[in-house]
Amino acid sequence: MMNRLECLKILAEHVTDEIVVATYSCATDWMAINDRPLNYYGFGAMGLASSHGLGLALGRPEKRVIVLDGDGSLLMNLGTLVTIGAVAPKNFVHFVGHNGSYEANGGAPLPNRDVDFAGIARSAGIRSAHTFTEIEDFEAKVGDLIKAEGPVFADLVIEQGPLSNRDYSEMHSARRRELFREALDAGA
Amino acid sequence: MDEKVKLPAEQLSGGVIISAIKDAGVDYVLSVPDLHTSYGLLMPIAEDPDLTLIRTCKEDECLGISAGLSYGDKRAVLLIQYTGFLFAMNAIRAVAAEQHKPICMIIGLLGKQPGVAPQDAKRLGVRAVEPLCDIMGIPHQLVETDDDVHLIAPAIIDAYENRHPTALLIGRRPVAP
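Line by line, the protein sequences are chains Y and C. Heads up: the first sequence begins at 10 in the numbering used here, then just goes up one per residue. Heads up: the second sequence begins at -11 in the numbering used here, then just goes up one per residue.
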């Protein structure tokens, strides 16, 4: 089984000028690994990271958008996969950290941890849907995956934790959103 | 006396509302179907080449998509029913109210009798819409007849220029163009 921090560190080696939309545990880890103005944390309600990402992908078609979601978050907005499948943005990549728990809310288990998210994504119309359980496999393919024609979906089967420092006040601040907008406007 | 007196409009035309949306520079319509507005607004919008319709599964998706689009300077309206407004309240609280995003909601008040104020409607859900907007600090306007349609474009334009949400409450079933 993979570890979220390891996965995100590998992903960070490939990220250049993409918009990265990250939520909850993925967000705190990503912020610790790769804090940059083009990270977008301003999603507000749980489950909406991929919806914000879809809007960004449509609003900024010249940029690629990478969403770092959680399995509990995705289950709160599962219909998003159907919407994304229908809209089919070519610049959209959706990763889901799948540890079977609401980790950011105390670690309680999901109602069913063995959900086939890639299967759901595929049946929702997202043809490029993948499941990764081995870090070597993820490391070998992630570089191509984030450059592939979207929408792309990847379920990362990971263990729980460890959690990075959770400073939600900073990542959800108006200053962060303004930095993000300035980076976009500057053509970063 | 041959002076013509302009009588108040007693209908709401979907085509006039769509023109007002376009006048406000709207590019996208994000929607979950509402029986109140399906025939008069949603169906003609789906056929309109100047507007891009995104059909979503739940109303809170629309909040995220609209927020994301705003970073590309693309304007959107949400076309939803009051029940969807109630469902999406946490996203409205976070994205629209607390983060001051220009979320423009066109909310169908299904079941509200024409000529009856929303606060006097029979349905609890309809009566709840305006007080919830007030609590969230969301400006709201009732669009009941063609005479009210002039309110739409300025409300949307102001929301985008000054980064705040707005709600346009459709009080009567619009007539298809």
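Warning: the hint list may mix true and false statements.
Claimed, not checked - For lysine-lysine, the following DSSO-like pairs were computed, each having C-alpha atoms within a straight-line distance of at most 27 Å:
1. C:Lys110 to Y:Lys99
2. C:Lys62 to C:Lys46
3. C:Lys10 to Y:Lys156
4. C:Lys46 to C:Lys10
5. Y:Lys150 to Y:Lys72
6. Y:Lys156 to Y:Lys99
7. C:Lys62 to C:Lys10
8. Y:Lys150 to Y:Lys99
9. Y:Lys18 to Y:Lys72
10. Y:Lys156 to Y:Lys18
11. C:Lys110 to Y:Lys72
12. Y:Lys99 to C:Lys46
It is worth saying that the hints were derived from the structure and are not from the lab.
Evaluated hints:
{"no.": "1", "hint": "C:Lys110 to Y:Lys99", "result": "47 Å, violated"}
{"no.": "2", "hint": "C:Lys62 to C:Lys46", "result": "21 Å, holds"}
{"no.": "3", "hint": "C:Lys10 to Y:Lys156", "result": "35 Å, violated"}
{"no.": "4", "hint": "C:Lys46 to C:Lys10", "result": "24 Å, holds"}
{"no.": "5", "hint": "Y:Lys150 to Y:Lys72", "result": "21 Å, holds"}
{"no.": "6", "hint": "Y:Lys156 to Y:Lys99", "result": "10 Å, holds"}
{"no.": "7", "hint": "C:Lys62 to C:Lys10", "result": "12 Å, holds"}
{"no.": "8", "hint": "Y:Lys150 to Y:Lys99", "result": "18 Å, holds"}
{"no.": "9", "hint": "Y:Lys18 to Y:Lys72", "result": "21 Å, holds"}
{"no.": "10", "hint": "Y:Lys156 to Y:Lys18", "result": "17 Å, holds"}
{"no.": "11", "hint": "C:Lys110 to Y:Lys72", "result": "48 Å, violated"}
{"no.": "12", "hint": "Y:Lys99 to C:Lys46", "result": "23 Å, holds"}
Comparing the model with each numbered hint stated earlier shows that hints 1, 3, 11 do not hold.
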